[in-house]
Amino acid sequence: MRQVEALENDLVTLLPDYLAPHVSVGAIKGEVLTIFAGHSALAARLRHLERGLVQDLQQRGWPVSGFKVKVRPVMKPPAVPKQAKVSAAGVECLRTFADGLEASPLRDALERMVARHKRP
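According to our numbering, numbering within the sequence shown proceeds without interruption in unit steps and concludes at 198.
A hint or two may mislead.
[Claimed, not checked] For lysine to any residue, the following SDA-like pairs were computed, each having C-alpha atoms within a straight-line distance of at most 20 Å:
1) Lys196 with Ala157
2) Lys163 with Met191
3) Lys107 with Val149
4) Lys107 with Lys163
5) Lys160 with Val149
6) Lys160 with Arg190
7) Lys146 with Ala166
8) Lys146 with Ala193
9) Lys146 with Glu109
10) Lys107 with Ala166
11) Lys160 with Gln133
12) Lys148 with Arg185
13) Lys196 with Phe175
14) Lys146 with Gln133
15) Lys196 with Ala166
16) Lys148 with Lys160
17) Lys146 with Asn87
18) Lys148 with Gln161
19) Lys196 with Arg173
20) Lys146 with Pro99
21) Lys146 with Val192
22) Lys148 with Lys196
23) Lys148 with Val101
24) Lys196 with Ala167
25) Lys146 with Leu172
26) Lys148 with Leu124
27) Lys148 with Asp186
28) Lys146 with Asp186
29) Lys148 with Glu109
The set of hints was computed from the structure by calculation and includes no laboratory data.
Computed from a prediction, not measured in an experiment: that's the story for all the values here.
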């Protein structure tokens, strides 16, 4: 575990700033290092940097002769649905506006909005 962490720290210091947060180290099998990229464009960029990165890692003492890049998207936490806050005066304006409209989908939507934001 410490070895992977040390290798990841070395790799992150060698990578450009825009790549480092989106890259993580897998494992070393033989002399092949597995690197996980956040998306396919980063994976392609890492493949272009392979020769220089391998040489730099070898200079730091890592027994690496090449690497394999795999795409592993970073999972984002689910977005919290937005909840609009409407003041009492705003609710009253919406109610007045809805009352002045003929029956229509717009009026129905405004009435639902007024009901949802009505204060107890």
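Against the structure, the hints:
For the hint linking Lys196 to Ala157, the alpha-carbon distance of about 25 Å lies beyond 20 Å, and the restraint is violated. For the hint pairing Lys163 with Met191, the CA-to-CA distance comes to about 11 Å; that is within 20 Å, so the pair holds. A hinted pair counts as satisfied when its Cα atoms are at most 20 Å apart, and Lys107 with Val149 qualifies at roughly 18 Å. For the proposed pair Lys107 and Lys163, the alpha carbon gap of about 55 Å is over 20 Å, so the pair is violated.
A hinted pair counts as satisfied when its Cα atoms are at most 20 Å apart, and Lys160 with Val149 does not qualify at roughly 31 Å. Proposed proximity of Lys160 and Arg190 is supported: the alpha carbons are some 17 Å apart, at most 20 Å. Between the alpha carbons of Lys146 and Ala166 the distance comes to roughly 59 Å, so the proposed pair goes past 20 Å and is violated. Taken as a hint, the Lys146 and Ala193 pair is broken in the structure, with Cα atoms around 57 Å apart against an allowance of 20 Å.
For the proposed pair Lys146 and Glu109, the alpha carbon gap of about 11 Å is at most 20 Å, so the pair holds. Proposed proximity of Lys107 and Ala166 is contradicted: the alpha carbons are some 65 Å apart, above 20 Å. Of the pairs offered as hints, the one joining Lys160 and Gln133 is violated, with about 49 Å between alpha carbons and a cut-off of 20 Å exceeded. Our distance criterion of 20 Å between C-alpha atoms is broken by Lys148 and Arg185, whose separation comes to about 52 Å.
Between the alpha carbons of Lys196 and Phe175 the distance comes to roughly 15 Å, so the proposed pair stays at or under 20 Å and holds. For the hint pairing Lys146 with Gln133, the CA-to-CA distance comes to about 15 Å; that is within 20 Å, so the pair holds. Note on Lys196 and Ala166: the hinted pairing holds, with a Cα-Cα distance of about 8 Å set against a maximum of 20 Å. At roughly 35 Å between alpha-carbon atoms, Lys148 and Lys160 are farther apart than 20 Å, so this suggested pair is violated.
As the CA atoms of Lys146 and Asn87 are separated by approximately 18 Å, the hinted pair is consistent with the 20 Å bound. For the proposed pair Lys148 and Gln161, the alpha carbon gap of about 38 Å is over 20 Å, so the pair is violated. The straight-line distance between the Cα atoms of Lys196 and Arg173 is roughly 10 Å, inside the 20 Å bound, and the hint therefore holds. Among the hinted pairs, Lys146 with Pro99 is consistent with the structure: their alpha-carbon atoms are about 18 Å apart, no more than 20 Å.
Taking the CA atoms of Lys146 and Val192, the gap is near 57 Å; set against the 20 Å cutoff, the hint is violated. Taking the CA atoms of Lys148 and Lys196, the gap is near 52 Å; set against the 20 Å cutoff, the hint is violated. Distance restraint check for Lys148 and Val101: the Cα-Cα separation of roughly 10 Å lies within the 20 Å cut-off, and the hinted pair is therefore satisfied. A hinted pair counts as satisfied when its Cα atoms are at most 20 Å apart, and Lys196 with Ala167 qualifies at roughly 11 Å.
For the given pair, Lys146 sits about 59 Å from Leu172 by alpha-carbon distance, which is inconsistent with the 20 Å threshold. For the given pair, Lys148 sits about 10 Å from Leu124 by alpha-carbon distance, which is consistent with the 20 Å threshold. For the hint pairing Lys148 with Asp186, the CA-to-CA distance comes to about 51 Å; that exceeds 20 Å, so the pair is violated. Between Lys146 and Asp186 the alpha-carbon distance is near 57 Å, which puts this suggested pair outside the 20 Å criterion.
The straight-line distance between the Cα atoms of Lys148 and Glu109 is roughly 16 Å, inside the 20 Å bound, and the hint therefore holds.
Hint check: violations occur at hints 1, 4, 5, 7, 8, 10, 11, 12, 16, 18, 21, 22, 25, 27 and 28; the rest are consistent with the structure.
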